[in-house]
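**Q** Sequence:
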Amino acid sequence: MMTSIGDLGMALLLRRNSVRIETDLMRLTEEMATGRVADVTRHLNGNLSALAAIDASRARLAAFAGPVAQATLFTRIQQESLGLIDQTATDLSSGLILATDTGDPTQIQGLATDAAQDFAAALGALNARAGETVVFSGTAAGTAAVLPADQILAALDAVVAGATTGAEVMARVTDWFADPANWYAGGDPRGPMDVGPQAEVTLDVTAADPALRDTLAAMAAVAMIDRGALAGDPQAQSELARAAGETLLAGQSARVDLAARLGTVEARIAEAGTRNEAEIAALDMARNNLVLADPYETAVALEEAQLRLETLYALTARLSGLSLAEYLR
Numbered sequence: 000m001m002t003s004i005g006d007l008g009m010a011l012l013l014r015r016n017s018v019r020i021e022t023d024l025m026r027l028t029e030e031m032a033t034g035r036v037a038d039v040t041r042h043l044n045g046n047l048s049a050l051a052a053i054d055a056s057r058a059r060l061a062a063f064a065g066p067v068a069q070a071t072l073f074t075r076i077q078q079e080s081l082g083l084i085d086q087t088a089t090d091l092s093s094g095l096i097l098a099t100d101t102g103d104p105t106q107i108q109g110l111a112t113d114a115a116q117d118f119a120a121a122l123g124a125l126n127a128r129a130g131e132t133v134v135f136s137g138t139a140a141g142t143a144a145v146l147p148a149d150q151i152l153a154a155l156d157a158v159v160a161g162a163t164t165g166a167e168v169m170a171r172v173t174d175w176f177a178d179p180a181n182w183y184a185g186g187d188p189r190g191p192m193d194v195g196p197q198a199e200v201t202l203d204v205t206a207a208d209p210a211l212r213d214t215l216a217a218m219a220a221v222a223m224i225d226r227g228a229l230a231g232d233p234q235a236q237s238e239l240a241r242a243a244g245e246t247l248l249a250g251q252s253a254r255v256d257l258a259a260r261l262g263t264v265e266a267r268i269a270e271a272g273t274r275n276e277a278e279i280a281a282l283d284m285a286r287n288n289l290v291l292a293d294p295y296e297t298a299v300a301l302e303e304a305q306l307r308l309e310t311l312y313a314l315t316a317r318l319s320g321l322s323l324a325e326y327l328r
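In terms of numbering that gives the first Met the number 0, the sequence shown is residues 0 to 328.
Treat the hints as calculated values from the structure; they're not laboratory data.
The beta carbon of each residue, even a glycine, is placed where N, CA and C say it ideally should be.
Where hints are given, some of them may not hold.
Label pairs and their calculated CB-CB ranges [unchecked claim]:
| # | residue 1 | residue 2 | range |
| --- | --- | --- | --- |
| 1 | GLY109 | ALA154 | 18 to 26 Å |
| 2 | ALA49 | GLU276 | 15 to 23 Å |
| 3 | ASN44 | ARG128 | 49 to 57 Å |
| 4 | LEU289 | ALA62 | 21 to 29 Å |
| 5 | SER48 | PRO196 | 17 to 25 Å |
| 6 | ASP283 | THR28 | 22 to 30 Å |
| 7 | GLN305 | ALA285 | 28 to 36 Å |
| 8 | SER48 | THR273 | 28 to 36 Å |
| 9 | ALA61 | ASN288 | 13 to 21 Å |
| 10 | ASP90 | ALA127 | 18 to 26 Å |
| 11 | ALA166 | ALA61 | 53 to 61 Å |
| 12 | GLY109 | THR273 | 44 to 52 Å |
Turn these sequences into a full structure, and let the hints guide you.
**A** If you want it as structure tokens, here you go:
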């Protein structure tokens with residue numbers, strides 16, 4: 000038996016086949032252009048567990064990008080601040096020791112003025128920010144790490160009042176700085192911070208670190224000469240300048256150790272970031288292998304689809320030209 004199809008039915012059949020072939024062409028063209036299969040579920044026979052595991056692992060690793068960038072910026076700013084403070088302290092110590100060797104009161108007075116400015120600059124470096132976070136404030140991230148220079152020096156005016164020797168002024172200032180509550184406005188040291196799977200760093204350097212505290216104390220002690228401490232006694236002022244200069248010089252080792260400790264943390268952050276990126280790249284490669292379209296098979300299928308479409312167009316044109324008169328002739 001033969002079953003005939005009417006004109007409307009034939010038109011619908013041809014239209015459906017045309018849409019199917021055009022859809023295949025679009026899919027195959029996309030796969031040729033991207034190198035990936037368009038229908039992942041079909042390509043993997045519905046088993047998406049491996050793909051889901053890769054995506055989940057990649058998302059976990061990508062989540063560490065923010066903490067790594069934050070920690071990198073944080074430690075870089077800290078290192079820059081430590082470098083500024085160390086250079087300032089080193090230059091000041093050299094000048095103080097040289098001035099006391101020559102015994103020139105005018106030179107010592109000028110260095111005392113410089114020390115007051117250096118002290119303010121050091122405090123400014125300790126109040127440096129990474130975004131909204133004060134890097135030397137510990138857990139009190141939103142507050143200044145140290146009090147303003149004028150406020151600290153004003154408090155020290157009362158502390159050294161009545162002192163008659165350079166050693167006495169130096170001892171009083173050092174004792175005052177020994178209690179961070181007098182000048183440190185930050186919080187406790189920060190705890191560990193995750194920068195990768197099983198990788199953490201501790202950004203616990205604060206302005207109250209002993210290496211910084213002793214340096215600030217020596218700078219402030221010299222600055223007291225500029226504020227009138229031991230006035231009228233050049234010998235006592237020279238004694239104070241000498242003691243402060245030697246303290247700054249001796250503190251260089253502690254400052255270098257602090258910078259080295261921070262450098263170790265920087266290296267661990269960089270290592271964790273590099274490892275995270277390498278693992279993400281490996282996961283991306285594994286994912287691409289799962290959804291990779293075979294270029295040869297795709298090209299063959301694309302050519303076949305094009306041939307099918309051309310055949311369908313030819314057939315459609317042939318059927319469109321049929322008529323009763325042509326059939327009867």
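**Q** Now tell me if each hint is right for this structure.
**A** Okay, the hints, checked on the actual structure:
GLY109 and ALA154 have their C-beta atoms about 24 Å apart, which keeps the hinted 18 to 26 Å range intact. The supplied range of 15 to 23 Å is met by ALA49 and GLU276, whose beta-carbon atoms lie about 22 Å from each other. Between ASN44 and ARG128 the beta carbon distance is about 54 Å. The supplied range of 49 to 57 Å therefore holds. Distance hint for LEU289 and ALA62: a CB-CB separation of about 22 Å, consistent with the stated range 21 to 29 Å.
Under the hint 17 to 25 Å, the C-beta atoms of SER48 and PRO196, about 21 Å apart, fit the expected range. For the pair ASP283 and THR28, the beta carbons lie near 24 Å from each other, so the given range of 22 to 30 Å is met. At roughly 33 Å, the beta-carbon separation of GLN305 and ALA285 lies within the given 28 to 36 Å, and the hint holds. The supplied range of 28 to 36 Å is met by SER48 and THR273, whose beta-carbon atoms lie about 29 Å from each other.
Between ALA61 and ASN288 the beta carbon distance is about 19 Å. The supplied range of 13 to 21 Å therefore holds. Evaluation of the 18 to 26 Å hint for ASP90 and ALA127 yields a pass: the beta carbon distance comes to about 20 Å. Our hint of 53 to 61 Å for ALA166 and ALA61 holds, since their Cβ atoms are close to 59 Å apart. At roughly 49 Å, the beta carbons of GLY109 and THR273 sit within the given window of 44 to 52 Å.
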